[in-house]
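Student: Read off the chains here:
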Amino acid sequence: MTPQAWTLARALRLAILSVGALVFLAPYVWMLSTAMKPREEIFSSSLTLIPERLAVVENFSKAFTRVPMLQLLMNGVIVCTIILVVQVLVALPCAYALAKLRFPGARTLIAAIMLGLLVPIHATALPIYVALSGAGVLNTYFALAAPFMISVFAIFLFLQFFRAMPDDLINAARLDGMSELGIVLRVIVPNAWPAITAFSIFSVVAHWNDLFWPQIVVTETAMAPPPLGLIFFRAAEAGDDYGALMAATVVVTVPLLAAFLLAQRRFIEGITLTGLKG
Amino acid sequence: MDSIALPAGGRAGTSNPAAAARRSEAFAGWRLAGPAVALLALLILLPTIAVVALSLTDFELGYDEIRFVGLDNYLELLDDRTFLISLGNTLTYTLIVTPLSVALGLGAALLIEADVRGRALFRTVYFLPVVSLLVAMATVWQYLLHPTIGPVNALLRLVGIAGPNWLGGSDTVLLSLAFIGVWQAVGFNMVLFLAGLTAIPRELYAAAEVDRAATAWDRFWLVTWPMLGPTTLFVVTISVINAVKVFETVSTITQGGPNRASEVLLWTIYQEGFVYLRVGYASAMTVVFLGILMVLMVLQYRALDQRVHYT
Amino acid sequence: MSGLALRGISKAYGDNHILRDVTIEAQPGEFVALVGPSGCGKTTLLRIAAGLDHADRGSVWLGERDMTAMRPSERDIAMVFQSYALYPHLTAGQNIAVPLAMRDLTIWQRLPGIGNLMPSQRGIRADIQRRVLETARSLRIDHLLDRKPGQMSGGQRQRVALGRALVRSPAAFLMDEPLSNLDANLRVHTRAEIVELHRRAGVTTLYVTHDQAEALSMADRVAVMIGGRLLQFDTPEGIYSNPAHIEVARFIGSPQINLLNGEVDAAHGVRIGGRLLAEGVNARPGTSVTVGFRPEAIKLGAPEQAGLIASVRRIEFLGSETLVFIDLAGGGDTLVAKLAPSDATAFALGQAVTIMAASRDVLVFGGDGARLSVSPPMRMVANG
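Protein sequences, first through last, are from chains A, B and C. According to the numbering used here, the residues represented by the first sequence are 1 to 278, in order. According to the numbering used here, the residues represented by the second sequence are 1001 to 1311, in order. According to the numbering used here, the residues represented by the third sequence are 2001 to 2384, in order.
Incorrect hints may have been included.
Said to hold, decoys possible - Calculated pairs, DMTMM-like style, for lysine to aspartate or glutamate (alpha carbon to alpha carbon, straight line, at most 25 Å): (1) C:Lys-2148 to B:Asp-1218; (2) C:Lys-2148 to C:Asp-2104; (3) C:Lys-2148 to B:Asp-1064; (4) C:Lys-2338 to C:Glu-2316; (5) C:Lys-2338 to C:Asp-2361; (6) C:Lys-2338 to C:Glu-2237.
Derived by calculation from the structure, the hints in this document are not laboratory data. Treat the numbers as computed from the prediction; the structure is a model and nothing was measured.
All chains should be built: construct the whole structure from the sequences, respecting the hints.
Tutor: In structure tokens form, the structure reads like this:
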């Protein structure tokens, strides 16, 4: 291939990717731009990106006062943390037992876990909702976290990871006098960080963004996680004050985006790993 | 110890160390797996059975009466126009989103992998929607696609085209939602393809070149495409499943409207079950939904078994 | 038939010089082995010959054709890869057919699915089938043609890889350690088969290996590369008994050649610990040299005979031969002698012996590693 052809191919690649990138970035650019625009400019000149009069304070103060925005973010953090901690605490010992111990019923359990991978929250939501409603615990953190306290996916992922760990490592720990739980805590966990990190990213992204379940069990704004809070905010604003609405979207989108931009490699690795094995 | 030989009865008795070790290992195994087993039963197994059972009743939340109605709910589904429209819309949405998001994901991955310049930047940009709050981004798209104040139609007006009411017209709403769905899914598919691409042995490309596969086109069909087989199958399956599960954008933007033109499966189930509280009927819909997912997984499994696994 | 020439090839990644001015010219039909320790640049050189890598300087010629700027697909060269690089989704037959399909079918005819509808492809495909079968028969893998690489043993895959290279009768063969993934028995067997194939096809072949036994047993000429330099390019006999450089002497031969430090005396003789080992060395008096002799060149004698004094440290019986390890008196050096088992019975552990060697078997290397000439060649030395 001649040098000219190379530059042409290179330029073409850059051109196509750049056009695509513009389409992908457009919503973010307009989100930021609109969040800074006053109402009248939004309605008159939607193609101008830089506002003539900055309305940042106005829009963001609405976003923080019409709904308890900090409370929403807090709710998101609390729910995601509860879910993640319980998921990992339940899945790690189970995955270890399945990977390295021989006990009756282990094969059945693995089969049940593989089947469980096929069942999404949407399928089990009705009975769980009926039960939570009967127990009178709707509009609580518990209700938000309850159906996700077991992650068959976490068990599956850790199981794959532990199977690749050498048996001799565990035998050595046993000879050193550790109990099985001690082995999990002091040998397995320290060596399983890559898998735990990957799963954590996957879990947090999934549950921070989830709307389906919160919309079912939460009706009070004070208990809503960010996506549901945004829905409530739209309802309160009749969906027409786009400046304030965009300010609110910026506020709820930024935490995860910032985390992603800071730890891109880990995010992409985590989601690829969890994606490929799921 | 005086003797190495064990008494003959000792092997079967309680003093047998091998059996004792097995028992203690089994005990430890169950203790470690116990919490997971309990939660698995309580949160997945039981509810799944319950949803099937409820689908055979006329249970409504708020009414104490519960009656076994056999397959009545399923028969009703066959005549339910909303449900049939919903099924059709979900199918259309899936048929648009899956091929586009897979093809664009593959295209982006191939272009990004082809050269080093801008690799990290483009990967980041295309991946952004995956980690963005979909409800928030749906709101942004709703603004972008707004018929009068939206930048998309403003742009079209510049070139003299009167843009439609993208999310408000029954002809365009599903298309617009599908576009947002593609926008959201491409980055995810792209990173999966990127992972698949890096796993292809470089030597195969060298062999292809020596074997006179002179153009990038030839090498794509000789090496890249077949070697990506397992990845592609997986990406297609997960894209289909995610498309069938479309909910957030509908719930945020259109709520099934206008005129049920964006009524999709999960939204219909949500309405029936959690708004109208007709649990029995919604359970029947859920069983249909679960059935669709199962069929998709079985199809993937069989395809995986037959064609794309080489070793 | 044409020869393959690599002229003045240099390549570096930054300060890391992979190849330094290497020139190798293979005659038409010649089998040339490139041998050297790992990291010596031999595989890079092969990839440059294939066009998969590009040299910073130098040119690649096939007969009268300058191929330096040509792409691999234009070079009419076939290559067998170390990992075989078979396409895992294609059957053995399809793998072998790939180079023919690429050459004989148009881009439209090759399109998956649609290609089958293109006009006139049927005859070409039948012809390709015929030649694949012919090649497979000659390699005795015609019963494997419908299997995929994943269903074949290492040896079978290796043959398919050979078939893919053979089928289009290329102008030259490149082989990159094709036997290194086979077990020891199969390796010796396949070695003979490749030589036989080469004899029949008569195609110029460049064969990379790190195994000196492979290089010596298979090649017409051997190129020894160390540290990115070509140190010697000669017949196997020449490489073994007449090494041009101390590194060549060290790399070739098993067990390794014995090397001792010595000094050139005023009469151009080489002395080790005062004893004269060789005479007429072409070097200035007083320079340090290294003296080498192969294990089989060593004769062990009774202690009262003239020679280097040593004692037996260890004896290894290997069946067809016996290795005797001996400690040199007054120094830390241990030498190894290869004896016929019947001759070795005369020695016991700790026994004192003298070491002797015919002067024609004594190799002298200068401080830079280059071989120094010794004259007159025929004389028994090692007299005090």
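Student: Does each hint hold? Answer for all of them.
Tutor: A quick look at each hint next to the structure:
no.: 1; hint: C:Lys-2148 to B:Asp-1218; in the structure: 21 Å, holds
no.: 2; hint: C:Lys-2148 to C:Asp-2104; in the structure: 23 Å, holds
no.: 3; hint: C:Lys-2148 to B:Asp-1064; in the structure: 63 Å, violated
no.: 4; hint: C:Lys-2338 to C:Glu-2316; in the structure: 10 Å, holds
no.: 5; hint: C:Lys-2338 to C:Asp-2361; in the structure: 14 Å, holds
no.: 6; hint: C:Lys-2338 to C:Glu-2237; in the structure: 19 Å, holds
Taken one by one, the earlier hints fail for this structure only at number 3.
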